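Q: Spelled out, the chains give:
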Amino acid sequence: DTEVTQTPKHLVMGMTNKKSLKCEQHMGHRAMYWYKQKAKKPPELMFVYSYEKLSINESVPSRFSPECPNSSLLNLHLHALQPEDSALYLCASTSRALAGASYNEQFFGPGTRLTVL
Amino acid sequence: AQTVTQSQPEMSVQEAETVTLSCTYDTSENNYYLFWYKQPPSRQMILVIRQEAYKQQNATENRFSVNFQKAAKSFSLKISDSQLGDTAMYFCAFSGTASKLTFGTGTRLQVTL
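Order-wise, the sequence lines are chains A and B. Residues are numbered in our numbering as their position in the first sequence, beginning at 1, plus a constant of 191. Residues are numbered in our numbering as their position in the second sequence, beginning at 1, plus a constant of 120.
In case anyone wonders, no lab produced these hints; they're calculated from the structure. Don't take each hint at face value.
Okay, the calculated beta carbon distance ranges per label pair [as the list claims (entries may be wrong)]:
| no. | chain 1 | residue 1 | chain 2 | residue 2 | range |
| --- | --- | --- | --- | --- | --- |
| 1 | B | A192 | A | Y242 | 18 to 28 Å |
| 2 | A | K209 | B | S200 | 33 to 43 Å |
| 3 | A | E235 | B | P161 | 39 to 49 Å |
| 4 | B | S148 | A | K244 | 39 to 49 Å |
| 5 | A | A271 | B | R183 | 46 to 56 Å |
| 6 | B | T180 | A | E235 | 40 to 50 Å |
| 7 | A | L308 | B | T180 | 28 to 38 Å |
| 8 | A | M206 | B | S200 | 17 to 27 Å |
| 9 | A | A271 | B | T138 | 49 to 59 Å |
| 10 | A | H270 | B | T140 | 38 to 48 Å |
All figures in this text were calculated on a predicted structure; none of them were measured in a lab. Just so it is clear, CB atoms sit at the ideal spot from N, CA and C, and this is done for glycine as well.
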């Protein structure tokens, strides 16, 4: 299995809703990432998990809450989002989990397109 | 901090022709990797090609090849025999000692008949 899967593909939510995005990989990768991508822009890094521990938080607002229950699964919990949070949310994974390892080819999932009303 | 610059926001090429996408980067590191990722409209981002900085030989993957000039910090992508399926956003990306990728702003490539 050489893919990263994400569910749901599309999500529409109100500003008072609580929802979660899910990402899964079965490649044995030990680092997983959440990105936010606006149309025609590059992905912006949000969080990095290394060996199931949060290693990087790019100053993301607390209305986004990541969780890594095990080495294959990554969740992003959403609460009280704003319309400007509407975007494509990408998950990625890589086999190199340690800082200082420069090889960092990432495998991306198809993304969840989020619309906040 | 590393920066990656793609100076061509949009490009167009006819089917079967060759096109080159430009990328420059800035870093003080000596060991790093460079990547080109492709993101078709409403589809998944996939890796096209990667280059290790310590290798002088330019990477090649079928119709895709790079021109890596380490001293000039340049990493261009050449697509030969362009196909309609090559239509996509192309992102150049840098990976150094930090556990993350630094992306360029992207080049939107349109392949026409």
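Q: Now tell me, hint by hint, if it's right for this structure.
A: Here's how the hints hold up against the structure:
no. : hint                        : verdict
1   : B/A192 - A/Y242: 18 to 28 Å : violated, 37 Å
2   : A/K209 - B/S200: 33 to 43 Å : violated, 50 Å
3   : A/E235 - B/P161: 39 to 49 Å : violated, 20 Å
4   : B/S148 - A/K244: 39 to 49 Å : violated, 28 Å
5   : A/A271 - B/R183: 46 to 56 Å : holds, 47 Å
6   : B/T180 - A/E235: 40 to 50 Å : violated, 31 Å
7   : A/L308 - B/T180: 28 to 38 Å : violated, 47 Å
8   : A/M206 - B/S200: 17 to 27 Å : violated, 49 Å
9   : A/A271 - B/T138: 49 to 59 Å : holds, 50 Å
10  : A/H270 - B/T140: 38 to 48 Å : holds, 46 Å
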